[in-house]
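Sequences are here, hints too, so could you generate the full structure?
One line per chain: the protein sequences are A and B, in this order. Under our numbering, the final residue of the first sequence carries the number 122; numbering is consecutive throughout. Under our numbering, the final residue of the second sequence carries the number 1151; numbering is consecutive throughout.
Accuracy of the hints is not assured; some may be wrong.
To be verified - Calculated pairs, DSSO-like style, for lysine-lysine (alpha carbon to alpha carbon, straight line, at most 27 Å):
{"hint": "1", "chain 1": "B", "residue 1": "LYS1050", "chain 2": "A", "residue 2": "LYS94"}
{"hint": "2", "chain 1": "B", "residue 1": "LYS904", "chain 2": "B", "residue 2": "LYS838"}
{"hint": "3", "chain 1": "A", "residue 1": "LYS98", "chain 2": "B", "residue 2": "LYS937"}
If you're looking for bench data, these hints aren't it; they were derived computationally from the structure.
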Amino acid sequence: MEVTTERFKRVSIVRARGRIDSSTAPELADAFTALTKDGQFRIVFDMSEVEFISSVGLRVLLDTQRTCRRLGRGQVVLATPAKRILKTLDLAGFNTLFDVYGSLLEAVGSV
Amino acid sequence: VNGQTAEDRENILIVDDTPANLRLLSAMLARNGYGVRAVTSGLRALASVQAARPDLVLLDIRMPGMDGYEVCKQLKADPQGRHTPVIFMSALDATQDKVRAFSAGGVDYITKPFQVEEVLARVETHLALQRLQRQLRVANEKMARELALAGQVQASFLPSDLPSIPGFQVAVTLKPASETSGDFYDINPLPGGRVGILVADVVDKGVGAALYMVLCWSLIRTYAAEFPDEPECVLRTVNHRILADTSANQFVTIFYGVLDPVTGSLVYCNAGQWPPHLFIGGKNGTTKRLTRTALPLGILEDAGCGRGVVELDPGDVLVLYTDGITEAQDDAEALYGEERLMATAIAHLGGSAQAIRDAIIEDVRAFIGDAPQFDDIALAVLVREPAVG
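Right, here's the structure in full:
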């Protein structure tokens, strides 16, 4: 898995490419923590190139969402997950915990 | 060095066919507080190691009869001497001699004629490494024992004898990826003849997940008896308790159903578990997926919890499983998947609960091949026996 972060004035975009499982999830967690430590709480997670996310990966998203939503200072939104990823999110009910957008632009505009 | 007794003194075996070298080294090491044994041939060296294991061996390479390389190889092949560090000493200074010394199992190489300080420094370095390795080995063994014990304690929570359910067959299995498991199942007799059926999965695997799993299991058992016909009350209360009592960033997905064996009705809640499959009407029948009615537990305080109801008619089969099956990976990282699981179960409909369970486990194992089992697996198969006649 590869993670990249792009910081903009109002919002940050985190992109992961590949598989998010128990061996790679800590790296994703580090990327999110680096943002929230700097007070960046509006985060778009671009999932278009995520091939697989295990429950350990979901826990990373959940932890980050909790941190960002505290005191109403922001949130994590999910952009353009593939169908397979959507199914995983739906199975665990995570589509009710995150706003999911079909386009990156829309996600950035709404966070 | 001062104040050491003979017992905690570290012992060094010196092997050299030149008596002058032996005397010099022995005197120098003894002066620095080491216990020293000296022998003049390879065979004597091996015999000496057998008699009492030294903490380190200083080994000459060129000796009549058995040379140093051979002594080292034999020493390393012996369980008694395998962990003993060997430092080679030789006037040979070519790179290939050093390479050969290391490949024979040596940890270091001293070129003759040697400097006293250099020998002492190298000896002390390798003895220190050896001490650390020994501590690590002891700690590892202790940890392995504790893990195995944790696994046994945990396994003792699971029902060893499944309760018999009139008119039903049940087969279960739990295959942890390590000593302890984050997955669990329970088949729990409830007041009024009903039976609680549970399959759950704590995020991640290993000891942390296992501890959380034991907490969840005991909470569910407690509240299952409290609300024997309201699975949604059980999960709602457990969720409340988990959030109140733990600060761990952890969650658990649970399928919990209450079966009435007389009518075959199953009232259930699915809190983010992979949907169990209900096979209705045999091989040419239909399949119903018992999808999510609630969020996983441990996430939101006021998460709503809905319920579903299905009927198991005679001959119907319910397969409950965790993501250790659907997300099992083969060598090429392809996933086993829900479709293949469903197809395997359908191919074995008509068989006993045990036969269906075994067929699924066998198929998952065949799919994984040589790849390691990545996640815990829990599987439960419930068959309503066909009506007689």
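Now the hints, each set against the structure:
In summary, the hint linking B:LYS1050 to A:LYS94 is supported, as the alpha carbons are separated by about 21 Å, within the 27 Å threshold. Proposed proximity of B:LYS904 and B:LYS838 is supported: the alpha carbons are some 24 Å apart, at most 27 Å. Taken as a hint, the A:LYS98 and B:LYS937 pair is honoured in the structure, with Cα atoms around 25 Å apart against an allowance of 27 Å.
Checked against the numbered hints given earlier, this structure breaks none of them.
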